[in-house]
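Engineer: In order, the protein sequences belong to chains A and B. For the first sequence, the numbering used here begins at 799 and goes up steadily by one. For the second sequence, the numbering used here begins at 799 and goes up steadily by one.
Since the hints were made in silico from the structure, they are not lab data. A hint or two may mislead.
Since the list gives no way to pick out one identical chain from another, each pair is judged satisfied if it fits inside one copy or across any two copies.
Simulated pairs of lysine-lysine, DSS-like, Cα-Cα distance not exceeding 30 Å [to be verified]:
hint, residue 1, residue 2
1, Lys926, Lys1131
2, Lys861, Lys926
3, Lys1027, Lys1139
4, Lys1134, Lys1027
5, Lys861, Lys1139
6, Lys829, Lys861
7, Lys926, Lys916
8, Lys1113, Lys805
9, Lys1027, Lys1015
10, Lys825, Lys861
11, Lys916, Lys861
12, Lys1141, Lys1113
Owing to the predicted nature of the structure, the values given are computational and were not obtained by experimental measurement.
There are 2 protein chains.
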Amino acid sequence: MYSTMQKLTPVVQKYGGTSVGSVDRIKHVAKRVASQYRDGWTHMAIVVSAMTGETNRLVALVKEVNPRAPAKAYDMAVASGEQVSVALMAAALAAEGVQAEPFLSHQLGIVTDSFHSKARIRSIDSQKIIDCWDRGVIPVVAGFQGVTESMEITTLGRGGSDTSAVALAIAVGAGFCEINTDVDGVFSCDPRVVPEAQLIEDMDFEVALEMASLGSKVLHPRCVELGAKFQMPIVVRNTFTPDDHRRTRVMNLASLTNLEAPSVSGVTLDRDVAKITLIGLPYDTSIVSGLFSAIAEVGVNVDIIVHNLPEPGGKTMHLGFTTSRGESDQAVKAAKSFWVKSKMQSQLDITVDNSVAKVSVVGVGMRSHAGVAATTFSALQRAGIDIRMISTSEIKISCVVDQGLADAACKALHSAFITG
Amino acid sequence: MYSTMQKLTPVVQKYGGTSVGSVDRIKHVAKRVASQYRDGWTHMAIVVSAMTGETNRLVALVKEVNPRAPAKAYDMAVASGEQVSVALMAAALAAEGVQAEPFLSHQLGIVTDSFHSKARIRSIDSQKIIDCWDRGVIPVVAGFQGVTESMEITTLGRGGSDTSAVALAIAVGAGFCEINTDVDGVFSCDPRVVPEAQLIEDMDFEVALEMASLGSKVLHPRCVELGAKFQMPIVVRNTFTPDDHRRTRVMNLASLTNLEAPSVSGVTLDRDVAKITLIGLPYDTSIVSGLFSAIAEVGVNVDIIVHNLPEPGGKTMHLGFTTSRGESDQAVKAAKSFWVKSKMQSQLDITVDNSVAKVSVVGVGMRSHAGVAATTFSALQRAGIDIRMISTSEIKISCVVDQGLADAACKALHSAFITG
């Protein structure tokens, strides 16, 4: 990415918790940044997470003091983790002879809404960053946090630091946002499940978003969403590899020179799935909408929904859906109380299966390539894997399978589509 | 102190590092505050330090990354310690059913100058504290830190949290400022040196200031100075004793009902003393002023100065002074380079003695009590202790003695003046 750009192009580099997890690692990152700076990349901004384990330590402390700690206090305690990282990184850059300035959200004006612990960024004032660059200073910015209009500290929740980095990149008009992490990039499948998984070098935002949503852990859907919305290219690379090492570029594929994207980019696996089945429901669509409204009201996210209409002449239907495991009990409770409230005559026959997983094939090329669904089903069938539920969209096919067969399903699909 | 005041009087309570050193201790403090709140003391503000050891951990981290870390980064890292304490204390109060709100300096407007790591408070905006009280909320404030006009985080240096607390008490017009610590109050001597040392229940600001400056570690001179300047009573008490336990009250003694202050309040011991001697200086006062200017320029604090004029007809003089041990080398270096610069003909005969200590007797009553000096000298003489230097003021007599005899000197003076 660097090779194709002017050196004065603004660049935002984000370093995650493992990348700043020790004094040595912080020094390593500082050396890299300093050498790029001396090489002419003078318009860099660095976003850092808390050192690995630090956020968990702080959360545990707060919970020990008060399991139901007020959100304001919780966020203030947790945000101190990034504060330390920012200060240490600025100090490490100074040791490398580069001027750097640490910034917290209130100093930079990273304004969020006031939903503590899951705040969303509203605006970023880029002026102080630009002032830094004018003075030859590298700004080092705390990820994962913001301030409300009334100066209260907020944290952004899951995927927060990556989101901070992409938002900052957008605010300063960066050429791209680099996410430095502990893996080389996004892979066609989890290499721990499918050892021959390949690094995806170029990825469309849409595919990245699907893969992130479907269980690939490298990028969080939220930061990909933001990147897609503002067309901010995201580069995922390994902090501890040389600068010419392989990496993943996520961008609008139309802007890439290499348009030969494969029809399927990757296979994802999500083990955190519960399958809930309701059998013998009266054939009445108001029941279906009422049920899902009741479940939504208790804040449970429903993922796949499979709705079997009755056979001609039949009077009952089946309904299946998936949630994350942590939320399945709540969903069942909501369904039951809806049943009671609606004064249904029959018993509600509801079961939960926690021993399933979701395997998906994802790729923007699927739109124009016929037969992806057929290949999916036959690959699974050949491997002797029953499909329990199916859900499709324009760029993915998801299958719910037995938990115990999930790895085999990944391998079968990866070999059918990627290594083929 | 509580018994003599209206319950609506504003009170600032400060809890030091050992008082918030663990989750259990934080809970203990929250229980005390909550019970006082329910008892009607609704106008309380709580100031907290970092948990014991936390500041040292953060300083070590910064130094490891960069031994000469920029002050801005250093302060930002170190200030995170109080941020965690404030959040935890607010959460602990919430667990006790009391509404509390955590505040950092930038949220409250604790504005300092920009001398990082030793900033001095310029102003405190009390409005948000008063708003809290109007809403029935207890504000919990981070000690030891402030912000500059341009929103940079500063720390206040030694004695910082106590100073924050006293400054806040002044800003909100508190009835008094309570310093909660791990000892019962200020003692007539260090109980580890003189076991029969007594708690001083009432102390004048002036005596407290002298005792703090002369080596009593309980209160820092800086916070006593501030208290004295604005006549803000300071109560020193043990966090872990019942509310009716003994304590020390520091205030303008004229405002106390009990005016029978003893002539000597206490005996202090300072082991961090170096004695520097210059022998055979030419008799020329410009040399003396030149020497001390040179030493002041390198930032060394000189404490006692003893200047022997030559005997009639003599042409040389002796000069002795003390500094802290850490600064004695710098002082010698400055003296030597002054000597070279002034093109003195003779050799400079300068020696440093690090094996001395300073013992002082302090008391506002000394002014009107004759014979304190005589008693001091004879007590030391009877104990077989040579006095190496003497320095007196209206309310103290300090003697420099051999380090090895310092404890014996304390005992002798304490028995002569206090337990008599």
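Engineer: Next, verify each hint and record whether it holds.
Structural biologist: Evaluation of the provided hints:
Taking the closest pair of Cα atoms, lysine 926 and lysine 1131 never come within 30 Å of each other, the shortest separation being 50 Å inside a single copy and 43 Å across copies. When the C-alpha separation of lysine 861 and lysine 926 is checked against a cutoff of 30 Å, the pair qualifies only between copies, where the shortest distance is 27 Å, while the shortest distance within a copy is 36 Å. Neither within a single protomer nor between protomers do lysine 1027 and lysine 1139 lie at most 30 Å apart by alpha-carbon distance, with minima of 41 Å and 69 Å respectively. Proximity of lysine 1134 and lysine 1027 under a CA criterion of 30 Å is satisfied in neither setting, with 39 Å inside one chain copy and 68 Å between copies.
For the homomeric pair lysine 861 and lysine 1139, neither the shortest alpha-carbon distance inside one copy (36 Å) nor that between copies (63 Å) is at most 30 Å. Only between protomers do lysine 829 and lysine 861 lie at most 30 Å apart by alpha-carbon distance; the minimum there is 17 Å, versus 37 Å within a single protomer. In the homo-oligomer, the alpha carbons of lysine 926 and lysine 916 lie at most 30 Å apart both inside one protomer (25 Å) and across protomers (25 Å), since each shortest distance falls under that limit. Within a single copy, lysine 1113 and lysine 805 get their C-alpha atoms no closer than 68 Å, and across copies no closer than 72 Å, so neither meets the 30 Å cut-off.
When the C-alpha separation of lysine 1027 and lysine 1015 is checked against a cutoff of 30 Å, the pair qualifies only within one copy, where the shortest distance is 21 Å, while the shortest distance between copies is 59 Å. Taking the shortest Cα distances, lysine 825 and lysine 861 sit within 30 Å of each other only across copies (12 Å), while inside one copy they are farther apart (32 Å). For the identical chains of this complex, lysine 916 and lysine 861 are intra-copy neighbours only, at 17 Å inside a copy versus 34 Å across copies, given an alpha-carbon limit of 30 Å. Proximity of lysine 1141 to lysine 1113 under the C-alpha cut-off of 30 Å is restricted to the intra-copy arrangement: shortest distance 18 Å within a copy versus 113 Å between copies.
Hints 1, 3, 4, 5, 8, counting from the list given before, are not met by this structure.
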